Amino acid sequence: MDIYLPIANLSVNALVIILLGGAVGMLSGMFGVGGGFLTTPLLIFYGIPPTVAAASASTQVTGASVSGVFAHMKRGGVDFQMGAVLVVGGMFGTAAGAAIFEILEALGQIDTVINILYVLMLGSIGGLMAKESLASVLAVRAGRPVPAAKRRHHPLVANLPMRWRFYRSGLYISPLAPLILGFITGIMTMLLGVGGGFIMVPAMLYLLGMGAQVVVGTSLFQILFVTMTATMMHSLTTKAVDIVLAVFLLIGSVIGAQIGARLAQRMRPENLRLLLAIIVLLVAIRMALGLGWRPDEIYTVQAL
Amino acid sequence: MRLIALLLLLMPIAASAQSVPKLVPDVSQRQIDIQSGFTGAELLLFGAIIYPRGVAPEGQIDVAVVLRGPTSPITLREKQKIAGIWINADSSDFRSVPAYYAIASSRPLDQIVDDKTAAIYELGLDKLQLSPSGEVDAKEQRRFSSGLVDLQRRGGLFREEAGSVEITDQVLYRARLNIPSSVPVGTYVAETLLIRDGRVIVADDKVEVRVRKTGFEQLITILARDYSLFYGTMAVLVSLLLGWFAGYIFQRF
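Heads up: the protein sequence lines correspond to chains Y and H, in order. As numbered in this note's numbering, the first sequence has no gaps in its residue numbers, which increase by one up to the final residue, 304. As numbered in this note's numbering, the second sequence has no gaps in its residue numbers, which increase by one up to the final residue, 253.
Worth flagging that the hints you see were computed from the coordinates, not collected in a lab. One or more of the hints may lead you astray.
Capping the alpha-carbon separation at 30 Å, the derived lysine-lysine pairs in DSS-like fashion look like this [stated by the list, open to error]:
(1) H:LYS79 - Y:LYS239
(2) H:LYS22 - H:LYS79
(3) H:LYS116 - H:LYS22
(4) H:LYS127 - H:LYS116
(5) H:LYS81 - H:LYS139
(6) Y:LYS239 - H:LYS213
This one's a predicted model, so the numbers in the text were calculated from it and none came from an experiment.
One chain only, chain Y, in its complex shape (with noise of 0.2 Å):
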């Protein structure tokens, strides 16, 4: 079934792209991540221009976020106050990563950019994931208990001025902390299209200190409210979110989600997270390679 994308102004495959929908979905599912940043490259490997891409995506982790946002704060999992310092933090980064765009698209270096900065947070995270999961999957094998992480902040976090206290994820900590966390965020939520996610959590574990009931249900607040700031401003300053694309995406992603979730059931957390690492450190690679290859196009066109 081919269907016209009106702000791509292509025409793609809906089933290929509900299908790429709900294999991210189910990542998401079983991961409790966004998946937008597996969303971005597969539709950039398929055709869709970059900058389509990401805004497209961003709409459609709003939506795969939606429901996981209620689950969490029926069960208190919610921290408002840090989810709220967050997102403020998150709507500068969307507006600075409004900015930064324009500048890299007006001197042509958007693409890469987007690929280096896929390659380094990808790389980086999945390598810490990687270890972290294995040193816990061979803890397991061995018959030891599961090193329990050390929930500490950062020192450079509890160097910050001005402290406030955070009751429901237990700290007494500076605002500063979690404003430049979402701040951060904010821009890599514009230029990728990511919600952020798998940088938010291990960032408020083992950056902020975080308690782990409130982690993945206020990562996922923030990741709600940012990415709806940088739908509304792909809008109105790169006009590049395409509703259609967007739309199909999240129909195979919100299916995907529920069968992830319950796939998650059967198997153990730590082997969960090790699967993830290496999903993520595989993307990181296919992208480092990307770069250092010869791309099929060695031109592009660029209306002025």
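Following the hints, put chain H in place on chain Y, whose structure we already have.
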């Protein structure tokens, strides 16, 4: 009154046209509508050649048809390998690049027209006048021009199809041109040229084809371009609703 004035105006042309054949071109579709199922289109360009006194001349005649989209200025960027990675390193501006250009001819172009005529009428992908600006180095310009033509040719937006114009009894001609789904909107001009002994005897570029988005696709394009605040809000609401609705449905199972 107006008709008479028009006839008077046409008189000298009609007189001189006695020795020159006349082209009566047409296309299968004056309008191409882009809708949700649009995967490209096939356009049939056809017509008749009316000879003075109704007699076809001795010798071979050739016909070329050109379909040309609206032109616009572009920047063409070129990737080079720098420090191990491929990045956009060089660029060149072109002031008039057709969004679409297809030429079909009854025989390979180099056999029916000489270089000079081809350049004058822009016949052939290597004869397009793209008006490069900025860089004046001729060698560099050629590299960029051929890069652009090659890119658009492989994307299906530039085409050169030799031998695809069929001529029947020296009078009727027809050619099919394919238009890919990524075709830009705008007014396209179909030009027909009658060629004999390497010279263009008569040319006609009065046939226009409009490519436009209709219905839902048009609505989305207009909203995204002109009502971006509303469009963004709509996109957010649609994704929120779809996401929430799906979660609600699946909770029931």
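Those earlier numbered hints the structure runs against, lowest number first
Violated: hint 2 alone.
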